[in-house]
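Undergrad: So you can see what is in the structure, the chains are spelled out below.
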Amino acid sequence: MLEFPEMINIPLAKVIDSIMDWLLLHLQGFFDFIGAIILNVVLAFENLLLFVPWFVIIILIGLAGWKLVGKLSTGITFMLMMFFIGAFNYWDLAMRTLSLVMASVIFALLIGLPTGIKMARSDKAERFLKPLLDAMQTMPSFVYLIPALMFFGMGKVPALFATIIYAVPPVIRLTNVGIRTVDIEALEAAKAFGATPKQILFDVQLPLAKPSIMVGINQTTMMALAMVVIGSMIGAKGLGMEVLLAISRIEVGRGFEAGISIVFLAIIIDRITHSFSQTKNNE
Amino acid sequence: MENKENITENNEVNENNSQVSIKNIWKLYGKDAKKVFTKKLMKESKADIQKKTGCIVGMKDINLEIKKGEFYILMGLSGSGKSTLIRSLIRLVKPSKGSITINDKDITKMTNEELLHFRRDTFGMVFQHYGLLPHQTVLENASYGLKVKGMPKGERYTKAMKTLETVGLKGWEDYYPGSLSGGMQQRVGLARALANDPEILLMDEPFSGLDPLIRRQMQDELVELQEKLQKTIIFVTHDLHEALKLGDQIAILRDGEVVQVGTPEDIVSSPADDYVQEFVQDASPARVLTAGSIMEMPSTLAYAWEGPKTALTLMRSKKRKASFIVDKSRRLLGVIRDKELEKLLENNSKTIPTSSIKKVTSVKEDILIEDLFPIVTENRWPIPVVDDNNKFIGMVTTDQIFESLSPLGGE
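Protein sequence lines correspond, in order, to chains A and B.
Numbering follows the numbering used here, in which position 135 of the first sequence is assigned residue number 139; successive positions increment by one, without gaps.
Numbering follows the numbering used here, in which position 235 of the second sequence is assigned residue number 236; successive positions increment by one, without gaps.
Isolated chain A, as found in the complex (with noise of 0.2 Å):
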C-alpha cells in the first residue's frame, strides 16, 4: 500500500524513443550532414596540431602566456607545463583534446553569439531562452552523450557535437547581459542621430559588451574542455580517455599523470581566454 502505484506509469521514455527513431529514419541525411561538418573541421585542427612540431608549440605558448598574461613568469611557467605534458608520453593525446576543444569552442560561437544579440534585442526571445539555458545548465553533462550517440554513433562527432550543447549556454547568456547591459546613453546617443539598428550594434553594443562576451567566451571554453573529458567515454581519442582506462584498470598513477595534463591544459587555456576581457577592459 505504501508502493507508488503501479497503474499509474506515464510512459515518457518510450514517446522519447520513437520521438527519436522517427528523427533518425526521417533527417538522417541532415545528421550526416552536420556530422560531416564536425568531423572535418575537428580533423583539420588535430592535423594542424600534430602537424606543428612540439617545440613550436610551446615556444608558441609560452609567448601567448607572455604577452597576452603579462608576465614573463606565466610564460615560462605555460612552456614548463606543456613540457611535462610532452614528458608524460601525452602530447599527441593532448593536440587531440585541444582541437577537440579548439573545434567546439568556434562551432559553439558561431551559435552562442548570434543567439545572445537576438536574445538582447528581444524580449521574447529572453524569456523563451532563460528557461532553456538553465535546463541545459543544470542538465548531467553525461545525458547530453545519449541521443549524441543515437545520431551519431560512437566517436569524435557526437562528443563534440554533446560538447558544443553543453559548452554554448555560458556565451549566450553573458553576450546576452552584456548588451543589455550597455550604457543607456551610448545607446540613445547612436538612436539619436539616426543609426540603423546595424550601426547600434556593432558601433555601440558589441564594443561596449566586449569585455562581459569575452568573459562568457572564456567560461564557454572551460566549460568545453570538460565536456571533451567526459566525452572520452563515447570514443572521442583524448587525455579524458587515459584517466577512463586508468580508472578501468584501478592504476592511480597512470591517471593521475593524465589527470595533472589535464589540469595543466584547463590553466593555460583559462589565462590566455580569460586574458582577452581583461586587457580590452583596461584601454
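Some clues are possibly wrong.
Label-pair ranges, simulated between beta-carbon atoms [to be verified]: (1) A/75 / B/210: 34 to 44 Å; (2) B/110 / A/150: 32 to 42 Å; (3) B/55 / A/139: 43 to 53 Å; (4) B/155 / A/28: 56 to 66 Å; (5) B/179 / A/132: 34 to 44 Å; (6) A/270 / B/36: 49 to 59 Å; (7) A/9 / B/55: 45 to 55 Å; (8) A/146 / B/55: 18 to 28 Å; (9) B/180 / A/91: 41 to 51 Å; (10) B/39 / A/131: 40 to 50 Å.
Restricting the straight-line Cα-Cα distance to at most 20 Å, the calculated cross-link-like pairs of lysine-lysine (PhoX-like) are [to be verified]: (11) B/340 / A/128; (12) A/202 / B/150; (13) B/246 / B/232; (14) B/340 / B/310; (15) B/365 / B/392; (16) A/202 / B/154.
Don't read these hints as lab results, they were simulated from the structure.
Glycine residues also receive a C-beta, built at the ideal position from the N, C-alpha and C atoms.
Once you have looked at the hints, place chain B on chain A.
TA: For chain B alone, kept in the frame of chain A given last:
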C-alpha cells in the same frame, strides 16, 4: 472629426511660426494603457490614474509651442516628465497619444525609415552623462553623427575637427574620452551634436554632472555660441538658476504636466502655483527681476518750466526734501533739493537754473536688480529710471530693492 480638428490646429501652428508644436501628448507605462483614455480618467491626477488602472503616467496632456531660434527650457524635478518629453521629440520615447509636429511633419506618424532620416537631418542631442563611446577617440566620437549619415571618413573628420575647435577641444582629437575631465567630455558631446549642423539642438541636463565653476563657464559659452548659431535649443534642467540664465521661454513640469510656461521674469514674478513658487523660492530675484518690474512713480515730480515756487509748494505738501526734476518733454534733468529752491525764491528767481540741479545716475528699465547694487551704495537718492530718450518713467528706492529680494513668489 478628429482629423478636421488636427488640420485646423496645424494651420494655427503655421500662423504662429512654431517650429516644434506639441499637442496633447500623453505617455503611459503599463499594460493596456489605452483604457486610461476615457473622458473621466483623463481628468484625474497622476496618482489617481495609477491607483485606478495601474498605469504610470509619464506625460499628461502636454501642449507646447516652440519657435525657431528660441532657447526653450523644460524644467522640473526628477519624475516630472521633462526627460520623457525631450526624448519623445526625437521618438526615443513614443508617446501613447497626441502629436508632435516638427517643421510641419508629425513625428509620431513617421515610419521607422523616415524617422532615421529625420533624426539625422534635424536633430543634435547632448546627454547628461555624455553618452560617448569609450572605445573611440574624441575625433571619432565627434564625427559619429556624420558617420551614421554615411559621410566618407576624410570629409567627416574635417567637419568634426571644425566643431571640436568651436567647443575648444583642438589638440584633444586623438585622446579617448576616458582620459578627459567631465567638462571636456561634455564638450565632445556638444561637438558631436553640432557636427551635424542640426536645426534643433536637444540638451538633456547637459551640465548637471559638472562642477559648479565648470558649469557656469559652459553656460556662458553656450550663450555665446547660441548668439552665433541661432539654433532652436530645447534644454532640460532641474536647476532654476540655469533656466533663468539661459532660457527665452521656460516650461515648468510636474507629475507629467505643464504647470507654467513663460519668460524667466514671468515665472519669477508671478509663479502659477505653490509648486512653481517652491521652485522659485530659493532663486535670487536680483538676477531675474529688472528695474522696470519694481519701479514706481515718485510722490512728487518737479517740472523745470513751472518755476521754483510751484515745485517747493508741491514738495512741502508731500513733506519731501528733494524731488526729481524734468523738462518739458519729460526728460530727466536731475534732483532738486528744497534748500536750493528756497535760495532761488529769496533771490526772486522765476526759473530754475541748471546750476541748482544736481545731476544723478539714471538707469534703463531692463537693468537687472543685481546691477543696481553698486549704484545704490554710492548714491543716497532713489535711482531714476529712464527710457532710451532719457525720458523719466519711474524710480527705484533702496526699500523697493530690499523688498523685492526677500519674499520671492511669496506675494
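Undergrad: Give a verdict on every hint.
TA: Now for the hints, and whether the structure bears them out:
| no. | hint | verdict |
| --- | --- | --- |
| 1 | A/75 / B/210: 34 to 44 Å | 38 Å, holds |
| 2 | B/110 / A/150: 32 to 42 Å | 56 Å, violated |
| 3 | B/55 / A/139: 43 to 53 Å | 33 Å, violated |
| 4 | B/155 / A/28: 56 to 66 Å | 59 Å, holds |
| 5 | B/179 / A/132: 34 to 44 Å | 37 Å, holds |
| 6 | A/270 / B/36: 49 to 59 Å | 57 Å, holds |
| 7 | A/9 / B/55: 45 to 55 Å | 46 Å, holds |
| 8 | A/146 / B/55: 18 to 28 Å | 48 Å, violated |
| 9 | B/180 / A/91: 41 to 51 Å | 48 Å, holds |
| 10 | B/39 / A/131: 40 to 50 Å | 31 Å, violated |
| 11 | B/340 / A/128 | 91 Å, violated |
| 12 | A/202 / B/150 | 13 Å, holds |
| 13 | B/246 / B/232 | 17 Å, holds |
| 14 | B/340 / B/310 | 12 Å, holds |
| 15 | B/365 / B/392 | 10 Å, holds |
| 16 | A/202 / B/154 | 19 Å, holds |
Of the numbered hints stated above, those contradicted by the structure are hints 2, 3, 8, 10 and 11, listed in ascending order.
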